[in-house]
Amino acid sequence: MDHPTERKIFGFKLPPKTIWTKRAKSDLRTGLLFLSPWLIGFFVFTLYPMIVSFYYSFTIYHSKRAPEWVWFQNYTDLIADDKFWISLNNTLYMVAIAVPLGLFASFLCALLLNLKVRGQAFYRVVYFLPSIVPTVAGTILFLWLLNPQVGLVNTMLAKIGIDGPNWMADPNWSKPALILLGMWGMGGTIIIYLSGLQDVPQSLIEAAEPDGFAHHTLQPHHGHDRHVPIFCASLRGRWRRQSWASAQLHVILFRLSISERLPIFEDGLCLCDGVDPLHHHFDSDSVAPQSERQIYLLRGMMP
Amino acid sequence: MTKNTASSPDLNLTLSPKHDAYTQKQSRKIRDAFVSTISHGLIIFVGMFFAVPFLWMLLTSFKSDKDVFHSPPRWLPHDAVRVEINGEEYPLYNVKTPDGVKQYAALKIESGVAYFVDPAEPDVVIPTELQQGTERVAQLVEEVSFRWQNFPDAMNRGSRPGVGASFWVYFKNSLIVAFFTIIGTLVSNTPVAYAFARLKFPGRDILFVIILATMMLPFQVTMIPIYLLFNDKLGWGDTFLPLIIPTFFANAWDVFLLRQFFKTIPEEMCDAARVDGASEWQIFTQIVLPLSTPVLATITVFTFLYAWNDFTGPLLFLNSPRNFTMALGLQDFQGQKTIVWNQLMAAATVFTLPIIVAFFFAQKTFIQGIKLTGSKE
Numbered sequence: 001m002d003h004p005t006e007r008k009i010f011g012f013k014l015p016p017k018t019i020w021t022k023r024a025k026s027d028l029r030t031g032l033l034f035l036s037p038w039l040i041g042f043f044v045f046t047l048y049p050m051i052v053s054f055y056y057s058f059t060i061y062h063s064k065r066a067p068e069w070v071w072f073q074n075y076t077d078l079i080a081d082d083k084f085w086i087s088l089n090n091t092l093y094m095v096a097i098a099v100p101l102g103l104f105a106s107f108l109c110a111l112l113l114n115l116k117v118r119g120q121a122f123y124r125v126v127y128f129l130p131s132i133v134p135t136v137a138g139t140i141l142f143l144w145l146l147n148p149q150v151g152l153v154n155t156m157l158a159k160i161g162i163d164g165p166n167w168m169a170d171p172n173w174s175k176p177a178l179i180l181l182g183m184w185g186m187g188g189t190i191i192i193y194l195s196g197l198q199d200v201p202q203s204l205i206e207a208a209e210p211d212g213f214a215h216h217t218l219q220p221h222h223g224h225d226r227h228v229p230i231f232c233a234s235l236r237g238r239w240r241r242q243s244w245a246s247a248q249l250h251v252i253l254f255r256l257s258i259s260e261r262l263p264i265f266e267d268g269l270c271l272c273d274g275v276d277p278l279h280h281h282f283d284s285d286s287v288a289p290q291s292e293r294q295i296y297l298l299r300g301m302m303p
Numbered sequence: 001m002t003k004n005t006a007s008s009p010d011l012n013l014t015l016s017p018k019h020d021a022y023t024q025k026q027s028r029k030i031r032d033a034f035v036s037t038i039s040h041g042l043i044i045f046v047g048m049f050f051a052v053p054f055l056w057m058l059l060t061s062f063k064s065d066k067d068v069f070h071s072p073p074r075w076l077p078h079d080a081v082r083v084e085i086n087g088e089e090y091p092l093y094n095v096k097t098p099d100g101v102k103q104y105a106a107l108k109i110e111s112g113v114a115y116f117v118d119p120a121e122p123d124v125v126i127p128t129e130l131q132q133g134t135e136r137v138a139q140l141v142e143e144v145s146f147r148w149q150n151f152p153d154a155m156n157r158g159s160r161p162g163v164g165a166s167f168w169v170y171f172k173n174s175l176i177v178a179f180f181t182i183i184g185t186l187v188s189n190t191p192v193a194y195a196f197a198r199l200k201f202p203g204r205d206i207l208f209v210i211i212l213a214t215m216m217l218p219f220q221v222t223m224i225p226i227y228l229l230f231n232d233k234l235g236w237g238d239t240f241l242p243l244i245i246p247t248f249f250a251n252a253w254d255v256f257l258l259r260q261f262f263k264t265i266p267e268e269m270c271d272a273a274r275v276d277g278a279s280e281w282q283i284f285t286q287i288v289l290p291l292s293t294p295v296l297a298t299i300t301v302f303t304f305l306y307a308w309n310d311f312t313g314p315l316l317f318l319n320s321p322r323n324f325t326m327a328l329g330l331q332d333f334q335g336q337k338t339i340v341w342n343q344l345m346a347a348a349t350v351f352t353l354p355i356i357v358a359f360f361f362a363q364k365t366f367i368q369g370i371k372l373t374g375s376k377e
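Going line by line, the protein sequences match chains D and C.
So that you can map any letter, position 82 of the first sequence is 82 in the numbering used here, and since no number is skipped, the others follow by simple counting.
So that you can map any letter, position 298 of the second sequence is 298 in the numbering used here, and since no number is skipped, the others follow by simple counting.
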């Protein structure tokens, strides 16, 4: 297929006007055939649920009865709901602080791991290991470490004369605690950055060597600006961790809700999910006789 | 020359060209050693943040119930030293007696009075007030000991014998889900990525923008309809199908990653094959895929981690304990009334272990993959 003229809209390149030759048609057929797994998936698992979600948001829907159209009632309810604003605030907090902090910290870690030192492979494993510790295990571990009375962190802080916070039980500290937990598992992002740093061709390093650059100081800097896709790829890690974070919350909340010793922090309740208008009227009690956990999950999402 | 060099006869020597090279080498050596020390220091300092929680998990999993709450916390697991007296085991204490400190076994301790016996004379019971004045006269004798029993205990604790759920069932379920997720991801993403990387057809670029846009869609938006679709319409509730089937329909992340890699494979190779009359499918399966093992390995590892760690999906779709994956099983276990931290940590360790083993086996391919992608130019 030829590309006769380039058309642009807002700087985005538009595909050239298609001339429907026989060749173009057969190209299209082959292309769509290759794309078919994604195309089907897109319609069934993305587009359809999105539209249905949007539709439900204008209804009161109990899964046993037909949806009842209520126009914008869900939205007005939502705006009137304090918890919605708390959750929005919390989400903004995580976006504005946790994400940049995580990306920056993992880039720094990647720089460290890219230094040519003895035992480099070992250090890389150490940095990476926490990220493969399963969510539930990691979360339980941090609940234990951050236990206000007997946790390692607070006892260590006490040793140097700092009165440690209540962490998970304190609305002001629950979010930093979650950020810490998230950063502990950022090995995946580090690896992606690291692979970006290693993408620097050896010739470039050799070329710069006589200029008096030490090997270690050189390698990071050049990799840095050469690979924008790496940044995108590392966002992938962040994004997957987003769902990670909500899983952590569920575990933590579940833990807290059954141990009467600790108060449930409302602040944290709506931290990650909860800005979705849909769930407001998704009546969890009417969702068939699901297990306790599922109802719990759905409740956890209600703003 | 400056004042400095003039005042130092040693440095004056360096002015001769012969010595110049020598000192340069020396100073380079010193500088390298310095940089290396600083590097190590920094790496270790930051590494503590990653290593300490992990070590703490491992060490806690070997502690006895009492040792877990020892204040201040100790790194190594300790346990009471026990001695056998008349066929039964009793903990040993350091007891202050008028004749100095002796090691006695405590038969029982009741309302502040301990009934000690000397292991050498098991028949003479010495009742002792534990608290005499401000002084505590008996001190438990402890030794470093790793309590392996926590592991079988933890596995049994997490099991639900009546409903056919045990640790090994969770383990097996996790493996099944991970296996099919990997298969699905590899099979479905590669042709899609190939089409975006190498094929030219009308509408390709627009479709690529759409697939990138789906990256931004949070799962929560589609979660409820997908749940209703799988659970109510298809009746797949409480099976692995809702976790596995969607992975056979490609996802934006892996497509993007694969596409980036495919784009680095020289176009000329494909063109040469085209000239020889190969179909796109043949080029894809016989040229591109074999050249892509590094990136396929990378995706396999990432997908395995993702599947193994996934919590929300199984939580949403799996109901009965016999279908639980490890993540759910562990959560189920920690949801019990009392927190038995040592067993919980033991369970978490066992949960983590297979991944670590897998990682060490896959590491070579993984790192190699990263390196190969690096040397593509």
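Bear in mind the hints are in silico, worked out from the structure with no lab data behind them.
Think of the CB as a built atom: it goes at the ideal place given N, C-alpha and C, for glycine as much as any other residue.
Mixed in with the good hints there might be a few duds.
If we take Cβ atoms under 10 Å as the criterion, some of the chain C residues that face chain D in the derived model are [unchecked claim]:
(1) 22
(2) 23
(3) 26
(4) 27
(5) 40
(6) 64
(7) 81
(8) 83
(9) 85
(10) 217
(11) 221
(12) 348
Not close to chain C: a few residues of chain D, all C-beta gaps over 12 Å, as computed [to be verified]:
(13) 27
(14) 48
(15) 77
(16) 82
(17) 93
(18) 115
(19) 124
(20) 144
(21) 147
Calculated lysine to any residue pairs in the SDA-like style (CA-CA distance at most 25 Å, straight line) [claimed, not checked]:
(22) C:200 x C:290
(23) D:116 x C:135
(24) C:200 x D:83
(25) D:159 x C:139
(26) C:96 x C:49
(27) C:233 x D:83
(28) C:263 x C:244
(29) D:83 x D:169
Hints, one by one, checked against the model:
With its C-beta approaching chain D no nearer than about 19 Å, residue 22 of chain C sits outside the 10 Å limit, and its interface hint is violated. A least Cβ separation of about 16 Å between residue 23 of chain C and chain D goes past the 10 Å threshold, and the interface hint is therefore violated. Taking 10 Å as the C-beta contact cut-off toward chain D, the hint placing residue 26 of chain C at the interface is violated, the least distance being around 16 Å. With its C-beta approaching chain D no nearer than about 12 Å, residue 27 of chain C sits outside the 10 Å limit, and its interface hint is violated.
About 6 Å separates the beta-carbon of residue 40 of chain C from the nearest beta-carbon of chain D, less than 10 Å, and the hint is met. Checking residue 64 of chain C against chain D by beta carbon gives a least distance of about 15 Å; that is not within 10 Å, so the hint is violated. The beta carbon of residue 81 of chain C is not positioned within 10 Å of any beta carbon in chain D (closest approach about 24 Å), and the interface hint is therefore violated. Nearest Cβ of chain D to the Cβ of residue 83 of chain C: about 29 Å, over the 10 Å cut. The hint is violated.
Contact between residue 85 of chain C and chain D, as hinted, is not supported at the beta carbon level, the nearest pair being about 33 Å apart and thus beyond 10 Å. The beta carbon of residue 217 of chain C comes within 7 Å of a beta carbon in chain D, closer than 10 Å, and the hint placing it at the interface holds. A least Cβ separation of about 6 Å between residue 221 of chain C and chain D falls short of the 10 Å threshold, and the interface hint therefore holds. The restraint placing residue 348 of chain C at the interface with chain D holds, with a minimum CB-CB distance near 4 Å, inside the 10 Å limit.
With a closest Cβ-Cβ approach of about 4 Å to chain C, residue 27 of chain D is found to fall inside the 12 Å limit, against its non-interface label. With a cut of 12 Å on Cβ distances, residue 48 of chain D falls inside the contact zone with chain C, its closest approach being about 7 Å. Every CB of chain C is more than 12 Å from the CB of residue 77 of chain D (nearest about 17 Å), matching its label as outside the interface. No beta-carbon of chain C comes within 12 Å of the beta-carbon of residue 82 of chain D; the shortest separation is about 20 Å.
Residue 93 of chain D, annotated as away from the interface, keeps every beta carbon of chain C farther than 12 Å; the closest lies near 17 Å. Distance check on residue 115 of chain D: its Cβ comes as close as 5 Å (rounded) to a Cβ of chain C, failing to clear the 12 Å threshold; non-interface status is violated. Not every CB of chain C is more than 12 Å from the CB of residue 124 of chain D (nearest about 8 Å), against its label as outside the interface. In this structure residue 144 of chain D is not separated from chain C by more than 12 Å, as the shortest Cβ-Cβ distance comes to only about 6 Å.
Not every Cβ of chain C is farther than 12 Å from the Cβ of residue 147 of chain D; the closest lies at roughly 9 Å, contradicting the non-interface assignment. Straight-line distance between C-alpha atoms of residue 200 of chain C and residue 290 of chain C comes to about 22 Å, which keeps the hinted pair within the 25 Å bound. Between residue 116 of chain D and residue 135 of chain C, the direct Cα distance comes to roughly 56 Å. Violation of the 25 Å bound is thereby established for this hinted pair. For the suggested pair residue 200 of chain C and residue 83 of chain D, the alpha carbons sit about 50 Å apart, so the restraint of at most 25 Å is broken.
Annotation: proposed proximity of residue 159 of chain D to residue 139 of chain C holds, straight-line Cα distance about 24 Å (limit 25 Å). Between residue 96 of chain C and residue 49 of chain C the alpha-carbon distance is near 42 Å, which puts this suggested pair outside the 25 Å criterion. As the CA atoms of residue 233 of chain C and residue 83 of chain D are separated by approximately 33 Å, the hinted pair breaks the 25 Å bound. Proximity of residue 263 of chain C to residue 244 of chain C is assessed by CA-CA distance (about 28 Å); at most 25 Å being required, the pair is judged violated.
In summary, the hint linking residue 83 of chain D to residue 169 of chain D is supported, as the alpha carbons are separated by about 18 Å, within the 25 Å threshold.
When the structure is compared with the earlier hints, violations turn up for hints 1, 2, 3, 4, 6, 7, 8, 9, 13, 14, 18, 19, 20, 21, 23, 24, 26, 27 and 28 and for no others.
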